[in-house]
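Asker: Sequence:
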Amino acid sequence: MKKRILRLAVKSVRSLLNLSHKKFDKITMELYKELFREEYPANQHKKIEQVNYYSSFTPDRYSHKFGEYQQQTNFLEFKDLEKWMAGNYDNNIGDIGRFYFLNLCIDSLLEENIAGNVAEIGVYKGNSAYLLAKYARHPAVNSNCYLFDTFEGFDAKDIQGIDSVINQHQFTDTSLEYVQKNVGTDKNIVYVKGYFPESLKQVGDLDSFSLVHIDCDLEKPIADSLNYFYPRMKKGGFLIMHDYSSLVWKGAKVAIDAFFKDKPEFVIPIPDKSGTCVIRKV
12 MKKRILRLAV KSVRSLLNLS HKKFDKITME LYKELFREEY PANQHKKIEQ VNYYSSFTPD
72 RYSHKFGEYQ QQTNFLEFKD LEKWMAGNYD NNIGDIGRFY FLNLCIDSLL EENIAGNVAE
132 IGVYKGNSAY LLAKYARHPA VNSNCYLFDT FEGFDAKDIQ GIDSVINQHQ FTDTSLEYVQ
192 KNVGTDKNIV YVKGYFPESL KQVGDLDSFS LVHIDCDLEK PIADSLNYFY PRMKKGGFLI
252 MHDYSSLVWK GAKVAIDAFF KDKPEFVIPI PDKSGTCVIR KV
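Under our numbering, the residue at position 102 of the sequence shown is numbered 113, and the numbers go up by one with no gaps.
Take these hints with a grain of salt, some might be off.
As the list claims (entries may be wrong) - Straight-line C-alpha distance at most 27 Å; calculated BS3-like pairs for lysine-lysine:
1) K76 - K168
2) K245 - K231
3) K261 - K272
4) K272 - K246
5) K198 - K212
6) K168 - K261
7) K90 - K192
8) K231 - K272
9) K212 - K192
10) K245 - K204
11) K231 - K198
12) K231 - K204
13) K90 - K284
14) K245 - K212
15) K274 - K231
16) K204 - K168
17) K76 - K90
18) K212 - K168
19) K284 - K76
20) K245 - K198
21) K231 - K246
22) K284 - K261
23) K284 - K272
In short, the hints are calculated from the structure, not lab data.
Assemble the whole structure, with the sequences as input and the hints as a guide.
Answerer: Set out below in structure tokens:
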């Protein structure tokens with residue numbers, strides 16, 4: 012009950028468009044603190060400091076202009092931020108910038124009436140997949156969301172070359188069942204379990220993508236993903252690639268730079284935690 016009241020309070024505060032940005036942020040942050048204290052009591056002081064820092068960069072349309080946003084695009088909801096944290100709090104509390112970036116890309120597609128299929132390669136626990144699936148079932152889009160992953164972590168054959176130093180046993184604390192619980196089992200969500208690109212045999216040849224999110228960390232699967240999805244992107248579609256400038260996942264930059272060196276699009280870096288980059292298909 013307390014959480015529900017606080018959520019309603021956030022929504023009410025956001026609708027008061029005459030509040031200054033500074034005053035809005037101060038009020039909203041107190042409400043966020045209470046939500047995170049209740050949801051994540053362990054180590055709360057450290058985590059609340061992080062919430063203060065990242066929430067101070069909330070885009071205007073999602074903060075003091077949220078009331079106006081609700082009358083227009085109205086895609087982002089407060090519960091989406093909870094899904095962004097679900098089961099992956101320690102990683103994603105420090106990557107709220109990427110959460111807002113994904114929402115801004117989706118807003119652009121909706122505002123420009125660019126609809127098409129959606130895909131994510133590298134799903135982990137489904138935090139970003141939740142947003143992609145929500146976009147795919149939007150009435151203006153009404154498409155399929157394809158989620159590709161082993162749902163068991165890295166495949167050993169991808170730990171090679173520049174990525175040979177990577178710990179193969181990362182991201183194993185997930186499962187298909189867990190992701191389905193987090194993202195949902197709506198008929199437009201297609202879970203494709205297996206090694207990509209071999210797993211494409213399960214769904215046949217796909218086409219007409221307006222939004223693709225590549226988050227498989229390693230050079231080979233990123234290169235395979237780009238080779239498949241880039242020619243299947245709609246004009247104006249967003250092709251989002253994680254880890255490009257992180258300096259942790261060095262294979263990501265190698266694969267992306269090699270692929271786009273002879274393409275008309277420019278790779279644009281995004282200042283989030285792990286260095287996302289993006290192109291829009293020309």
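Asker: What are the numbers of the hints the structure violates, in ascending order?
Answerer: Those not satisfied are hints 1 and 11.
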